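If you read the sequences in order, they're chains A and Z. Going by my numbering, 2 is the number at position 2 of the first sequence; the sequence numbering is gapless. Going by my numbering, 137 is the number at position 137 of the second sequence; the sequence numbering is gapless.
It is possible that part of the hints are untrue.
Since the list can't tell identical chains apart, any single copy or any two copies may satisfy a pair.
[Claimed, not checked] Here are the simulated SDA-like pairs of lysine to any residue, each with C-alpha atoms no more than 25 Å apart in a straight line:
| # | residue 1 | residue 2 |
| --- | --- | --- |
| 1 | Lys253 | Arg268 |
| 2 | Lys108 | Lys278 |
| 3 | Lys219 | Gly58 |
| 4 | Lys30 | His18 |
| 5 | Lys65 | His18 |
| 6 | Lys279 | His126 |
Rather than coming from a laboratory, the hints here were simulated on the basis of the structure. Note that the coordinates shown come from a computational prediction; the quantities given were computed from them, not determined experimentally.
There are 2 protein chains.
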Amino acid sequence: MSKRIPSKEELAEFREFHTPSCGFFFRAKKHLFSEKSVFQQIDVIDTDSFGRVLFLDGLVQTTEKDEFFYHEMLVHPAMASHPKPEEVLIIGGGDGGALKEVLRYPVKSTTMAEIDAMVIEVCEKHFPWLAPVRSDERVELTIADGSTFIQESDREYDVILIDSSDPVGPSAVLHQQEFFWRLKDHLKPAGIIAGQAGSPIYHLASLREKSLFLSQMFKFSFFYVGPVPTYPGGTWSYFFVSDEINPLQDAAKDIPRGLQYYNAEIHRAAFSLPAFLKKELG
Amino acid sequence: MSKRIPSKEELAEFREFHTPSCGFFFRAKKHLFSEKSVFQQIDVIDTDSFGRVLFLDGLVQTTEKDEFFYHEMLVHPAMASHPKPEEVLIIGGGDGGALKEVLRYPVKSTTMAEIDAMVIEVCEKHFPWLAPVRSDERVELTIADGSTFIQESDREYDVILIDSSDPVGPSAVLHQQEFFWRLKDHLKPAGIIAGQAGSPIYHLASLREKSLFLSQMFKFSFFYVGPVPTYPGGTWSYFFVSDEINPLQDAAKDIPRGLQYYNAEIHRAAFSLPAFLKKELG
């Protein structure tokens with residue numbers, strides 16, 4: 001740490017501001033992609049520390065090296081708690097990471113509704129190790145706003161996963177109660193909805209709001225947490241709601257092999273919330 | 001995020017490099033202290049996001065806003081597992097945060113062996129809300145290298161806490177097996193040693209090494225984890241060793257009130273390790 005004039009090297013830095021006065025920086029080896037889609041600014045850089053990094057509107061979405069923390073915790077608590085998850089819907093998730101985790105289960109079909117076709121194209125090119133989105137025969141890909149998609153759909157799902165970006169920009173609607181009523185209409189009786197709920201440090205107001213309406217809508221309504229090194233604060237939160245499945249009682253024993261973060265102990269541990277969060281979420 | 005020429009404001013930034021190509025930045029409102037002690041460069045800045053921040057040799061040690069994550073998890077798993085922690089030793093911990101947590105228990109005495117008197121002076125001035133190091137009659141303060149101190153001591157302790165900095169610089173010796181043999185000689189029969197063990201992301205080799213020798217030295221040898229938003233990777237690891245106390249069986253019910261992170265659920269959850277860490281630590 002020092003107070004000094006930045007070198008030329010530092011000018012090739014990419015930063016995410018977590019607040020107006022702090023954040024994370026990456027030194028890019030290469031700026032692989034930079035374009036504005038209809039919905040957002042999309043950037044991909046290559047770094048020594050985290051490999052390839054995807055930014056949407058300046059916020060880190062996924063990195064080559066630490067994507068597993070987020071995608072495993074977004075997907076497995078719900079998938080491993082459901083007795084037989086055959087029909088799965090992913091809202092968002094254009095990078096393919098959530099899909100990769102879902103496809104570890106013997107699902108019959110996984111529908112992905114991603115609003116931004118450019119995110120899918122960019123990730124197929126620059127993150128090819130994430131799910132081969134278009135090639136798995138179990139995958140149905142729709143380019144659509146998640147809220148509109150679910151309203152027009154006549155299908156029901158065992159597990160619905162919300163892999164949205166933050167409650168500003170194109171994902172705002174995916175954080176509102178009206179959207180969750182629509183989702184609930186398309187949930188099978190033992191269905192589960194899980195999704196990302198933001199940083200328990202920086203987005204506490206949004207968690208509180210979501211907690212309030214989800215606990216009114218579902219018999220079982222939980223938040224859980226897990227680390228994501230490159231996300232603000234290094235810890236992320238997720239919600240889990242269902243009218244039949246209690247993730248603390250019904251967690252399945254047959255967890256897919258080869259996971260890097262999630263396991264049966266982590267499943268239980270993740271639902272243990274810090275004192276300040278229990279207080280905030282009532 | 002953008003690729004651009006830094007403004008004047010950004011020149012007053014303080015950075016911690018987590019690797020040569022990424023890290024955390026703070027914009028300082030004020031640079032409150034900057035001096036080189038006999039042992040290390042000490043800086044205190046004031047920030048909008050995390051309040052006051054203490055750096056030692058350029059690494060964030062503690063911040064006003066998130067110190068509780070680290071200090072609660074360093075102290076309470078050991079203190080709450082011990083049936084009657086009366087004699088406590090803290091090695092390092094000059095900022096006073098660990099001491100503050102220890103003094104929540106009805107201890108008879110707490111000895112603190114901090115190598116750098118300037119750290120104590122600076123923190124008494126700039127972090128006065130942390131433990132009033134010199135004023136509590138239960139506190140015995142020694143300015144000494146922890147390794148030498150324990151070698152020359154004729155006392156035994158119920159709980160020994162290692163609040164060291166990283167295994168480079170003045171704290172290097174506090175991460176070696178020889179030091180732990182010395183500590184073990186000064187541990188009462190039901191005694192516990194706990195301490196910080198670095199980032200499970202960035203310091204995996206150091207964790208592995210410590211795990212190997214600690215598991216040979218003690219009947220119960222555990223690692224546990226918890227978030228610290230301003231530390232590299234956002235998640236930190238700690239060790240817990242004892243010949244009599246198993247933290248998963250003997251955790252006390254009488255946890256001090258008023259904690260912000262730690263609670264009985266977190267105690268159990270923290271010992272649940274991610275798949276990659278279980279694999280690494282065998």
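How do Lys30 and His18 come out at 25 Å by Cα distance, when the copy is not named: within, between, both, or neither?
-> both (23 Å within a copy, 19 Å between copies)
If the cutoff is 25 Å on CA atoms, where do Lys65 and His18 land: within, between, both or neither? Let me know, please.
-> both (20 Å within a copy, 15 Å between copies)
Up to 25 Å between alpha-carbons, please classify Lys219 paired with Gly58: within, between, both or neither.
-> Close neither inside one copy (37 Å) nor across copies (49 Å); limit 25 Å.
Can you tell me if Lys108 and Lys278 fall within 25 Å by alpha carbon in one copy, between copies, both or neither?
-> Result: close neither inside a copy nor across copies, 37 Å intra and 32 Å inter.
For Lys253 vs Arg268, is the C-alpha pair at or below 25 Å within one copy, between two copies, both, or neither?
-> For Lys253 and Arg268, the Cα distance is within 25 Å both inside one copy (12 Å) and across copies (20 Å).
How do Lys279 and His126 come out at 25 Å by Cα distance, when the copy is not named: within, between, both, or neither?
-> neither (42 Å within a copy, 29 Å between copies)
Violated hints, listed in ascending order, are 2, 3, 6; each of the other numbered hints is respected by the structure.
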